[in-house]
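From first to last, the protein sequence lines stand for chains A and Z.
Numbering-wise, the first sequence is residues 1 to 817 according to this note's numbering.
Numbering-wise, the second sequence is residues 1001 to 1163 according to this note's numbering.
One or more of the hints may lead you astray.
Unchecked claim - Under 10 angstroms between C-beta atoms, here's a sample of chain A residues computed to sit facing chain Z:
id	residue
1	A665
2	Q719
3	A784
Honestly, the hints are just simulated from the structure, not real lab data.
Please read these numbers as outputs of a predicted model, since none were measured by experiment.
Even glycine gets a Cβ: it sits at the ideal position worked out from N, Cα and C.
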Amino acid sequence: MLEHMEPSELKLVGRKALRVEGVGKVTGEAVYVSDMALPGMLHAQVKKSPHARARIIRIDTSKAEALYGVRAVIVGKELNYKLGLYVVDKDILAKDEVRHYGEAVAGVAADTIEIAKAAVDLIEVEYEVLPAVLNHMDALKADAPLVHPNLGKYDYVPVFSPQAGTNIPNLSKLRKGDVEKGFAESEWIVEREYTNPSVQHVPMETHVAIVEWKTGDEVNIWSSAQSPFTVRNLFCYTFKLPLNKVRVVVPNVGGGFGGKAGIHLEPLLACLSRKAGGKPVKMRATREEEFCLLPCRSALTYRIKTGVGAAGKILAQSLTLYWDAGAYADYAVNVTRASSYSAAGPYDVPNVKLDAYTIYTNKPYGTAYRGFGHVEFFWGLERHMELIAQVIGMDPLEFRMLNLLKPGSITITGERISDHSGDPAKCLEAAAKAINYGKLTPQEKAREERTGRKIGKGLATLHKAPAMPSFTATAAVVKMNTDGTVIVNIALTEIGQGSATAMAQIAAERLRFPLDRVKVTIEKDTDKEPYDWQTVASKGIILSGNATIMACDDLLKQAYETAAQVLRAQAVDLDHDAQGIFVKHRRDRVISFPQLSVGYAFPDGNAIGGPLIGVGRYIAQGLSNLDKETGQGLPALDWTFGAHGVIAEVDCETGEYKVLKVASAFDVGKVINPDIVRGQAIGGMIQGLGTAICEGYIYDEKGHLLNPSFTDNKIPTAQDLPEEIETIAVETAQLDGPFGARGVGEHPMISVAPALGNAIQKATGAELLHMPIRFEDVWRAVNAKEPIDNWITKTPTGSCRSDPATRHSSPDSAALP
Amino acid sequence: MRVKLSVNGSVYEREVEEHFTLLRFLREELGFTGAKEGCGAGECGACTVFLDGKTVNSCMVLAVEADGSEVETIEGQALNGSLSDIQAAFDRHHAVQCGYCTGGMVLSVKELLKRIPKPTVPQIKEGIEGNFCRCTGYQQIIEAVLDVSGQAESAGKGELKHA
Ligand code: FES
Ligand code: FES
């Protein structure tokens, strides 16, 4: 779909434009599901497990049912349904066993929230507490309790490989070349293990839905979901309903970040509504529930062993990723799969052996989160590159440049990189230049002297392709109104990322209309919008952008056909501008778009044509499934490459540090709207700093989540901004991207943490292996104390780090069943 | 209990349960849904409104405490269909993404500019630190505040660069 247009010919693409839904948001008029109320609406609350793992002996709901105003009470035993995105492993409410702290065991719908809460308090649950498996490395031990003893019996999507009789719902493998030979030829072998805990997405609007299950199985769902068609799909799979019975409506969404990509509260509310006679039932998660009832991002332990040749070329990598899924497989199995073809980074590596495990534990479960695993594994990978450079005595920038993918390189899955794949080196150079990498400026030297703190500069690269099925598809419908304005219907939801505005710019550019004649729908409705797979994976700009261009072309083709008859000209002799269609060599022979919009009527009353409705369908092309044993295949629609440069100032006495500057560069192919690209870049970067600096789940030794609130789980505020931020776009056109564009929604969050870690290491020599990088971690690392993490136990031992006995051995000898 | 207060200049009188927060009263009883709940615990600022000329987290105020008060919400900022200067600056600078924090943020900025007509960047950061935004990374919000306070030259530096 690359349009070979000079930037000067483009009127709207590449230029600033206000957000199409901006006014509604600044006035408070924009409606979110949390704002909605329907006549007769009931309010739901859930009873949650106080234990990480326990058998449910007895649930007594009689007192709750007797409370005035309670219209429905449900427990798991009544619900004979299974839910799951890829591995169908979840009950709507826990049945015999609870698998994580905060899991729902009963639901209530009542006239008011107060009554529903009181009813939940009246529900009595007797548990037999069972030993929980909390550390995902422990879950691999032969004697570990099984979180899902029935794993072998669950339905699953065949691209995954559940290991029956273990805690492993998926194992993805990749083999390229001969890794042993690569290590044998290596001059240096560097091996480390990197870790990070679970974190929460923290959309400012928590998950919320309203569901009504009407007579005749007509189900209406209003949800803060990112992907209305996925909610409909999974809902109908679980309840065995035809898709045309279930309608999912998504208005404005108060942030998603992947946490709202799947199906969440909808099935429970549907069951409550059905039991309450079809009344609409609403539930909005509290902030605490957002942390423990709803999913989080998986923790990761990443073990990397790299062989490097005498000249500094990477010859072999043995990569083992242990993903902590928590209690349910949800997206974690697909994060694992995505990591299996991406976790070597944007580097040319001839020999690779990769094993990526998804591991069940008794903790809140992991799901998609901006970056889809890349934030987590790039922490390890880009710290590792830094450590290798140090070991072999090469500058880290030079070492990265030497090993980056370039045209002609073969990725680890066997894809050949071309001139059009994007330019990781240019991104890295731009980031390095923006921070004056490799030296301190006179001002920085003076600052060091003045403050007594050390300034360090670090870099990190990144890449990501959309993690999606090879056949991912979408569609767009463009309808002309009688005044020549148009409506663009697409199901890509607007969750803040700015897609609606970008699509409006693309459509207006293609139609040659001013922007204000194009409206892109904000509220999505599965009964009205054409199909879209999901709003995830940074795939919106390419898929929906291309579909929108094709729909515009289709509309114009119809308009030209009618105009050709009216103007008595051949369609090839016609051209158009914003006003209408004209004969190229007779500009006065023109017919306006309003005249053509719903069909043309001749003066005698005869009519031709009909309403102008363009349809565009786009499907990812040329992708293939990955071989289950070797991981070889073509998984990537496109790669967006990027890099961050960070300047940090560290107090070596205390470990406290400050981020002075972050410079980020991304090869976006083509900027559609510079303000939106910059907004994504900065927003993602700050979210990445949150992950880098402070965010993470902390559990006690029994698996109780200790910090499910903003008091104990800080997210960045305006005070946490770096002193200086620079955002740079590289534009290597993507041949099949709309106007050459590729996605950049997730990428800014990736690799912020390792760039910061590398800067801190440069300033202090601290070898940091665990993210987030708390001040005390820096202090400990500076003082060469053993790095600790207390993300599970209340005593500072044990962790998401592996058993010390296996920590320094080869990944091949990990204690696996 | 009976509560009578004015919101954006209009008077409302309702019977309300004593545990009802001002936030729920505004949203659920009066339909001013521009104030949002992000935490319900006084930490995120999404529920910010003016109460007798001062910003408060309305999730931490009981409706009955606001009896006899003047409340100003985000819905009261645009007059006769045109955005307030702060709203227009937010729109112009893309200081809005999902929009969930925006109402509270705009009101906190209004309060800041009442106190300090030309705030420095550190003063702006301090002024909005009680309002969480998970989407924007705050930078474009700061630029909008610089612009609307007549410091557009400092705001203008915030551009996407090309390599
Ligand atoms: S909802 Fe009031 S401060 Fe968060
Ligand atoms: S714009 Fe989404 S939270 Fe601020």
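Verification of the hints:
Against a cut-off of 10 angstroms between C-beta atoms, the interface hint on A665 (chain A) holds, since the closest Cβ of chain Z lies about 6 angstroms away. Here the hint on Q719 (chain A) is kept, as its CB sits about 5 angstroms from the closest CB of chain Z, short of 10 angstroms. A least Cβ separation of about 35 angstroms between A784 (chain A) and chain Z goes past the 10 angstroms threshold, and the interface hint is therefore violated.
Going through the hint list in order, the structure does not satisfy hint 3, though it satisfies all others.
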